[in-house]
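*Asks:* Keeping their order, the protein sequence lines are chains A, B, C, D and E. When we follow our numbering, the leftmost residue of the first sequence carries the number 1, and every step to the right adds one. When we follow our numbering, the leftmost residue of the second sequence carries the number 1, and every step to the right adds one. When we follow our numbering, the leftmost residue of the third sequence carries the number 1, and every step to the right adds one. When we follow our numbering, the leftmost residue of the fourth sequence carries the number 1, and every step to the right adds one. When we follow our numbering, the leftmost residue of the fifth sequence carries the number 1, and every step to the right adds one.
Don't read these hints as lab results, they were simulated from the structure. There's no promise every hint is true.
To be verified - Below, simulated DSSO-like cross-link-like pairs (lysine-lysine); rule was C-alpha separation at most 30 Å, straight line:
id, chain 1, residue 1, chain 2, residue 2
1, D, K350, A, K115
2, E, K579, E, K593
3, E, K200, E, K579
4, E, K302, D, K350
5, B, K73, B, K444
6, D, K152, B, K178
7, B, K273, C, K136
8, A, K153, D, K348
9, D, K348, A, K98
10, B, K444, B, K402
11, B, K259, C, K136
12, D, K348, E, K302
13, B, K230, D, K197
14, E, K402, E, K130
15, B, K177, D, K152
16, E, K302, A, K153
17, B, K434, D, K350
18, E, K402, E, K466
Keep in mind that this is a model prediction, so the values were computed, not measured.
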Amino acid sequence: MSGRKIGDVILDLNNISLSFGGVKALQNISFNVMEHEVRAIIGPNGAGKSSMLNVINGVYHPQEGEIIFRGEHRRDMDTHQAAEQGIARTFQNIALFKGMSVLDNIMTGRNLRMKSNLFMQALWIGPARREELEHRQKVEEIIDFLEIQHIRKTPVGRLPYGLQKRVDLARALAMEPEVLLLDEPMAGMNVEEKQDMCRFILDVNDQFGTTIVLIEHDMGVVMDISDRVVVLDYGKKIGDGVPDEVRANPEVISAYLGASH
Amino acid sequence: MKQIRKLAIAASLAAALTGGLTVPQAFAQAKEQFFPILVYRTGAYAPNGVPWANGFIDYLKLTNAKGGINGIKLAFEECETGYATDRGVECYERLKGKHGGATAVQPLSTGITFALTEKAPGDKIPVITAGYGRSESQNGAVFGWNFPLIGTYWMGADVLVQHIAKKEGGFDKLKGKKIALVYHDSPYGKEPIALLQERAKMHGFDVQLLPVAHPGVEQKATWLQIRQNKPDYVFLWGWGVMNSTSIKEAQATGYPREKMYGVWWSGAEPDVKDVGEGAKGYNALAMQHGAEPNAKVIKDVLGMVHGKGQGTGPKEEVGQVLYMRGLISAMLQVEGVRKAQERYGKGKHITGEQMRWGLENLNLDQKTLDALGFAGVMRPVQTSCLDHMGSAWARVHTWDGKKWSFSSDWYQGDEKVLRPMVMLASGKYADEKKIKPRTPEDCKK
Amino acid sequence: MSFFIETLLGGLMTGMLYSLVALGFVLIYKASGVFNFAQGAMVLFAALAMARFAEWIPGWLGIESLFLANLIAIVITVGIMFVVAWLVERLALRHLVNQNEATLLMATLGITYVLDGVGQTLFGSDIYKIDVGMPKDPVIMFEALFQGGVLINKEDFIAAAIAAILVAALTLFFQKTPTGRALRAVADDHQAALSVGIPLDRIWVIVWCVAGITALVAGIIWGSKLGVQFSLSTVALRALPVVILGGLTSVPGAIIGGLIIGVGEKISEVYLGPYVGGGIEIWFAYMLALVFLLFRPQGLFGEKIIDRV
Amino acid sequence: MLYRENGQFKTSYQADQQIFPIAQDRLGVLLLIAFAFVGVPFLVDEYMFRAILIPFLILSLASLGVNLLVGYCGQITLGAGAFMAVGAYAGYNFLIRVPDMPVLGAILLGGVSAAAVGIVFGVPSLRVRGLYLAVATLAAQFFWDWAFLRIKWFTNDSSSGSVSVANLDVFGVEISSPLSKYLFCLTVLVVLSLAAKNLVRATIGRQWMAIRDMDVAAAVIGIRPMYAKLTAFAVSSFYVGVAGALWGFVHLGSWEPAAFSVDRSFQLLFMVIIGGLGSIMGSFFGAAFIVILPIFLNQILPVFGAIFGVEISTATVSHFEIMIFGSLIVFFLIVEPHGLARLWSTGKEKLRLWPFPH
Amino acid sequence: MAASRSGSLDTFPRLLLNHALVRGEQPATREKFLGIWQTWSWSQVAQEVRAIACGLAELGFKRGDNLAIIGDNRPRLYWSMCAAQMLGGVAVPMYQDAVANEMVFVLQDAGIRFVVVEDQEQVDKMLEVKDQCPDLQHILYDDPRGMRHYSQTFLHGLDEVIAGGKIHDANHPDFIPGEIARGQATDVAVMLYTSGTTGKPKGVCQTHETFIAAAQSGVGFDHLTDQEDILSYLPMAWVGDHLFSYAQALVAGFTINCPESGDTVMTDLREIGPTYYFAPPRVFENLLTTVMIRMEDAGTLKRKMFHYFMAVAKRCGAEILDGKPGVSGSDRLLYALGNLLVYGPLRNVLGMSRIRVAYTAGAAIGPDLFRFYRSIGVNLKQLYGSTETCAAVCLQPDREIKFDSVGKPAPGVEVRIADNGEVLVRGKLLLKEYYKRPDATAESIDAEGYFHTGDAGFFDDDGHLKIIDRAKDVGKLANGAMFAPNYVENKLKFFAHIKEAVCFGHDRDMVCAFINVDMGAVGNWAERRNIAYAGYTDLAQKPEVYELIKSCVEEVNADLAHDAMVADSQIHRFLILHKELDPDDDELTRTRKVRRGFVAEKYAVLIEALYTGKGSQFIETLVRFEDGRTSKVAADLKIADAKTLPVMRKAA
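Please take these sequences and the hints and turn them into a complete structure.
*Replies:* What follows is the structure, encoded as structure tokens:
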């Protein structure tokens, strides 16, 4: 099944360095992501994987380096800008809005597309209401896509872990992103849940052509679903290539595969 | 199960709340004149609120012990306001209809007075503010229901200026002098400013305004400023704990207490008691009366009320300054009822509207006062429709470390200064509120 | 110049009292994450108890000596503060573990009401004095240096000395005793504290006790200067900018913050106040803290917060 | 128990997203509102109107405003009293300075002014959070307390600093009797509550809650914290400001800054927390609790005393009142830290599932 | 129009067009999709069906072709059935949860060329078996999700088919009316495969006429109107669903509602609150079990209240529902109170508030279970029928409800009891034939036109039919006494703790039983007693559980002892099976009836052990999971003795 076409480079990271206080989280890292591909970032704990995602969508601002997103050169990103340009993400430790229902959580993903003003919203008239109902439909489609109809009105706090992860993904999908960053989407899941999640990720990539950058610990999963893999270790890049290349890379084996297996 | 219990608690509470609010409605009894009493026996102003309330109630008890007002017994009920305006309004609303209706109300708070000024005309209940309230309400033509009996702050401030002028040897000597006003940062504390500025213009002295925030325990900066500017006199317009704090800070910054003059709300025992020797020489205005342990009325109270074990507060406090203030406030109200009965029928229940007539036509000459046991305590009071104050006499007393004793003669507020200010301010109020001032003819009705 | 020094001293003096109250805030916040609004009420409660017992004891025991009466009163008051701490932990805090900050804040406000009510019921609502024999009248010093000299209260110096001793004692307590070390541990990590072997609830009682003692010291100093009355409990509001400035979790922050706020307040009121009508010190302290916060959101000595995602 | 939800299926998103999707709820609320408008006036006396119901309605509105900020947007404020004051004084100035200014307009403009001030004092929320922010908002409280005492322009040069309004009329109807005041406040409350509900179920409400629950995640999905927080401050302050104007204009008639002191701020925060953070309904419960409980205690304690044959002095009553009040607050926070609204929704959920326990 | 031209509404397509004319704007079909109940009116449905029909025709669907339908209850699958009928074809709904291999038989037997499936999952099954079914030419799928990369040309999205069909319809407006006009009432409309307790399934051919007749008799009998709502959640291949959701809906013109997904049926049921409801006894049983379990968690007070009012309902509820006289005033008052406090809310949470008529059929329902629903005010009735008789032989008339009968013959149906006790049926509703099985047809329909139902039963004095058991199952004990295993099993199954029971006793001297405990009920029961267990097998073998089940068995024995006819059928020994009987293991039919013979054969060692008096027996069984994987379950099963009572024979 290879209906999708891998396109040109959409995101290019050049010599990114990031440090907190004296701690160097990322050192001189460069890699790129191509349109429509599934790109994985792997590495042992503390390798700087999450920091990398945080740099891409502007939560962290690197001290050095350059980010080229769709041909535009920047020093760093800012979260709002990143979101507006179609970068969405999920979180390692689910960052859902605990006080809200599943539906509302996903609806927040549409916020950038909702334009009606405060006054209209207060009166629940005209464009505000229309907009609300239109986006509800969009969100329902995502709910249907991720098969979470039965929990749509449940407060997310009451959901089991696996479903929360799915809602997290749903919220990101609601942004209709071009690039989707997934931070350990399958962490802590059982086999069945992992299978479902894999299926969803591939479906998203396939059906919407979304470019996916994911961090994952489960090597089996990574090698199965990603087109290219970049390997980080202690903030440095030690490998980059298609799964088979990476698997064969001796440095990767000693740093990561060797250590954890 | 836990949830159920919570629900049960909530439900029972709700039931109790709704049920409770309607419980304490007492029924009106015939042959009673109801005196609602707004008090504060708790909070920052309790030290001053308590003796006033005790004096007030003791006098009512005394009146009852003497057979009431032409046979009409006095009923009374306290309500705690905590000196807070909204609680005061609630108390007023709660009490105004009880026991056949309130005769008059005495808020003992300038803030509550302002709020009730808006409500009283609708309810037709006189608001008696003996020695406080808004000064311009002396003009009964505009403020039909306010009675700042025997003293307003303008009058008080005027007397203080007169007193220091006398000390300095004449008003012309005031030129170039500096007077600092340390005041409670509220309408109460601000009242004298207008008069002081008026007088400052007249005599060329300088007024420095030093506000102190509620509740008044933090005055370090104020007194540093006094130390810096070294004013010739400090007028103190404080209340509650602020008074004693001021005196202590004066002591700590070395400002001579002899140069300090408090208004009559800043010159009572609780203000100086715990300062003791440190307050020696501190002066305050006496709203006619001072501490009057020897007055006949005090003896009556001790005999007929405390003697029977019905005293409201501790015996030691009977006759102290604020106790007397409460007592006199009660007396004025009782006499208002008596006056009204003269017109509307002796031994009859008096309504609020009738009470107003009584208060507007008070005429307590010295003989009457003496008979009531106030010989040496007060000067005559005579009110009219246009003058709701009735008496502008005051004197100064000084703390000698143990007790208050008079240190000046009687002064009278200067009508020439006061009257125009009252007319101007009340006129402005009338404009704002679109009130048509009453004419002398209206008053006769 | 001499006036400036007087102002400065006055500010430092006030600041020191703020520091004592702020110290109470910080101790409790560090150990239990509770922002204890009742600290002001505790100051009032302790001072009231102290004042009244010192007043009653000569009558009860027939003791003539002021010193002895005060001493007994202090001991009794410490005992009472211990009971208060125990009751607060037992009846309220224990049941509120893991609630959010706002809820805890409100709970301590509830405790404030209770303490205010109990204090006034037991000890009365009049103004009482604490007489620990401090000299009241000021002296003029440094006349040689400045024209007119500098007006100084010996009382302030004694008070400052007492405060300094308290802070030193607390420091010793935290650095040298096992309990103190456990308290510091609990501030960093509740689990770690458990491994030290002291149950969490006991730690809370202890820390509330310590806060109670600082409250008592603050109460005695304040009370002997200005008398004890209900309004004392509002001192909490004056000390709030201090903790914000100093950082909620920093003991040195509370002390230095207190001094900064105290001085800032007085100087602003004295030098700025007259131009805008006076009475600005309260909000000036808050504004000072606020402006400061905009540049350092975690306070002077607070720990930097890093968002982990 | 009373719910019969079968057959209440929704065939459109509009029906599904209405405020009360369950017919019984809808009916209940409509009946309640109808009762408040039509039934209550026949049942209560003047005391109830003036001392309880009107303050309750106005403080409900204020508490609703505070809840929008604290409960929905997660920004703790201790400065609500100041925004009430701004509303009241701004309204007052609009009323007396602008010729022919209608009362309702002045009240709303008071709210708008409060909103503007709210935005300014909301700026620190962009940098600080939690308790630090709470204390920062106290700056607003003390600043405005001071400003209205000190700056004479605000009080129209009133010598006492106290201001008053008179002859209120709205669309030609005079608002002077307790009943008319009650109905006026009730109308304002109902309208603004509806608007508040609309806001919190719309995108702005979700943005607030997102910021409250997880601000980093909110930023990542494109919510601008500045916009969300400042709108929350603005809207909240508007509500609080309107409530302040009503408090001054309608309830007190004449006021001074002490009417909006820091105690008021605490009181409002109490209402929100006891009532339930993030619940419109909770605001009303909280207001009822905080308004009624002290008055109730104050009145019931002497009655209790009388039952046991003790005459309790006013001072003791007040002391017991604050003690019991304080204890009850602690008690409620322990029993139901999520507030009365949570009890309400639990109860409702129980009724829906009745006879099953869960 | 076609309907008017032919002059009578005797085929389903004609009925449909008539509804589109008469009540065009009324809702015909609802489906919960994207969070709301998407609604199609009759005229919209008619349009869609025409479009599907045209699309099918374009693909080459011909008169007489069979159209297989596989999937959950989806509106477009129902419409596809009607579309096939428009073209004179036959709808063949199939069980959607069958694995691919099981489908092969039907696909081959019916010579399926066209199949309409729900989604990718079913498509995959079809692709798997396509090689074995050479006739299969076109596969249409309803839900395009995941189908993007299926490039096979014989796969068609229903969307595209409909779109094409609409164009076709517009270009040839007379095509469909013409096809409809060619339809005859006697044409086969639908073919339902009976699972059959033995042997291969048989395709039961029902004509428009038979199903319309069956539906009409039901509609008239219960005064159904076009205002009814029904929830369509039972397998489309089951005759019950076809009668209620398709035939009756089209006859009466009421609305069918399709749930959002399998997970949300209960929620959807509560939302829709059907006015007309149909479910097999098992569903009612499960509901009651959950009710009882959930009530056990309730507070003491509430539980007491519940049980008190349930006792009241038991005493007088059914009588009040039937409007019978003789209920005391105080009972009526109590019942009214109970209605407010318990029955009303209970109906609400069960989704039964609006029910006017509810039916159950498919297996005998326990009288107590039946009584429960009636007593809380749900007008639950039984009907009797089978696939061959359009499930509509007997119905219980309102107000004449007997808990142990299945009611009176429906209008136009003749019922006779054969000498051997077998129930024989004659009337319009009989099947036309078994598809390509003249032998079977001849065997079941006798010369007089009576259909042999295979059930044993008798009429009581009021003319109500009572069904005892399958005729072939009714056996005799060694002492000659009658033994009706189903009868005993049903009594056992009424206990919430017992999910399934299989009794043996034919030609033996005593009755013994296999029991399946109800995992939910017993699990809950065990948890409350702090009995730890690891899975079903472990739980089943706990001594405490044996004690629990023993008490149930003994209660049944006491019950049986009262009735001379069955007193000898008391259960002497029983065991609790180590695994749940499962359709995937062929132990149950897809409608969850026990395959008695198969079970007896599979567990012969256990039966042997029961009758030889052993105390326990080892057994190992192969278990098959839904996805086709298998694993083994082994256990040492205990065998318990139950107390029996002496048989009391009435003196003649």
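*Asks:* Work down the list of hints and note, for each, if the structure agrees.
*Replies:* A quick look at each hint next to the structure:
1. D/K350 x A/K115: violated (38 Å)
2. E/K579 x E/K593: Roughly 16 Å separates the two Cα atoms, so the pair holds.
3. E/K200 x E/K579: holds (25 Å)
4. E/K302 x D/K350: Cα-Cα ~12 Å, so holds.
5. B/K73 x B/K444: Cα-Cα ~28 Å, so holds.
6. D/K152 x B/K178: holds (23 Å)
7. B/K273 x C/K136: Holds, because 15 Å separates the two Cα atoms, which is no more than 30 Å.
8. A/K153 x D/K348: holds (16 Å)
9. D/K348 x A/K98: holds (21 Å)
10. B/K444 x B/K402: Violated, because 49 Å separates the two Cα atoms, which is more than 30 Å.
11. B/K259 x C/K136: Roughly 19 Å separates the two Cα atoms, so the pair holds.
12. D/K348 x E/K302: holds (16 Å)
13. B/K230 x D/K197: This hinted pair is violated, its Cα atoms lying about 59 Å apart.
14. E/K402 x E/K130: violated (50 Å)
15. B/K177 x D/K152: holds (26 Å)
16. E/K302 x A/K153: holds (28 Å)
17. B/K434 x D/K350: violated (57 Å)
18. E/K402 x E/K466: holds (10 Å)
The structure does not agree with the numbered hints 1, 10, 13, 14 and 17 stated previously, though it agrees with the rest.
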